[in-house]
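J.: Sequence:
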Amino acid sequence: MADNGFKKQVTLFFKRRFISVILVSLICLSLWAVTSPLLADELDSTAVSDLYKEARDLFRQADKAASISPDNAMPLYKKAAMRYERIIKEGGIENGKIYYNLGNIYFRMNDIGRAILNYRKAQQYMPDDNNLKQNLAYAREKRIDRIEEKQETKVMKTLFFWHYDLSVKTRLFIFTLFFAIFFISACVRIFFKRPFLFWLLISSAFVSILFCGSLAAEEYFLKKQRPGVILSTETTARKGNSETYEPSFMEPLHAGTEFTLIEARGEWFQIELLDARTCWVQAKDAELIR
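Residues 717 to 1006 (this note's numbering) make up the sequence shown, in order.
Some clues are possibly wrong.
[To be verified] Across the chosen pairs, the derived CB separations fall in these ranges:
| id | residue 1 | residue 2 | range |
| --- | --- | --- | --- |
| 1 | Ala932 | Lys780 | 47 to 55 Å |
| 2 | Ser958 | Asp991 | 21 to 29 Å |
| 3 | Cys928 | Asp779 | 41 to 49 Å |
| 4 | Arg1006 | Gly929 | 30 to 38 Å |
| 5 | Tyr961 | Arg856 | 23 to 31 Å |
These are computed hints drawn from the structure, not numbers from a lab.
Backbone N, C-alpha and C define an ideal beta-carbon position, used for all residues, glycine too.
Go ahead and model the full structure; you've got the sequences and the hints to work with.
T.: Shown next, in the form of structure tokens:
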């Protein structure tokens, strides 16, 4: 009798485990069925390559059409932009070249906001590109809003010109070079107590610390600051996160105006402009660069 009771318990135990395995398997199959269409929507390398070629060809066709009839070129520019956008969103590919091409397309479509937005995004990947710098500067000249930088920023850019004028790659090279000089000088001075080695040690240490601080500050502000661009043709800046608040300025903000995000609250952004003025704008009227 005891053996029969034990067998029944063992049988019941395995039945329950079997049912649990079946249920888990069904759940896994259900999840796979739901997620597989989403995974299928992701572009493979062949699709991305085809889209890139199509976008490039459409852009060239649009440029040719623009010289004859600008109206006929607009649909081609839009199709090219849509393909680049698909590469970014569905292909998960982001690089300076794609954003640079998008910036050029939107500039030719007279969409200054999105042109500046994509040029700024491209800058994150290719900060030393001269063509990109020129196109961004030219697009900025086309903006309606003329907002001067606050005086403090101008003074900082004058005093620490090497931080603002030199690229990260150049500053990293200078830091590496002078740190190597510092290290070699320190090793040599252990054996040779020459006055010039002391001054070489001090000067190389100073430059190394200077550029190390510059690189650290760059990394800190890169993580802390969230820059953005106004995309709408115009948007009313307000004193609070609702349309019931009074306008912050006499005139609305226009496409291409750059800002730094202070806070995102619901469907509103609190932003700081280049001249340090703050206001609230609707999130749908702007986009963050990163």
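J.: Now, for every hint given, state plainly whether the structure supports it.
T.: Comparing the hints with the structure gives:
| no. | hint | in the structure |
| --- | --- | --- |
| 1 | Ala932 - Lys780: 47 to 55 Å | 48 Å, holds |
| 2 | Ser958 - Asp991: 21 to 29 Å | 24 Å, holds |
| 3 | Cys928 - Asp779: 41 to 49 Å | 45 Å, holds |
| 4 | Arg1006 - Gly929: 30 to 38 Å | 23 Å, violated |
| 5 | Tyr961 - Arg856: 23 to 31 Å | 29 Å, holds |
Of the numbered hints stated above, the single one contradicted by the structure is hint 4.
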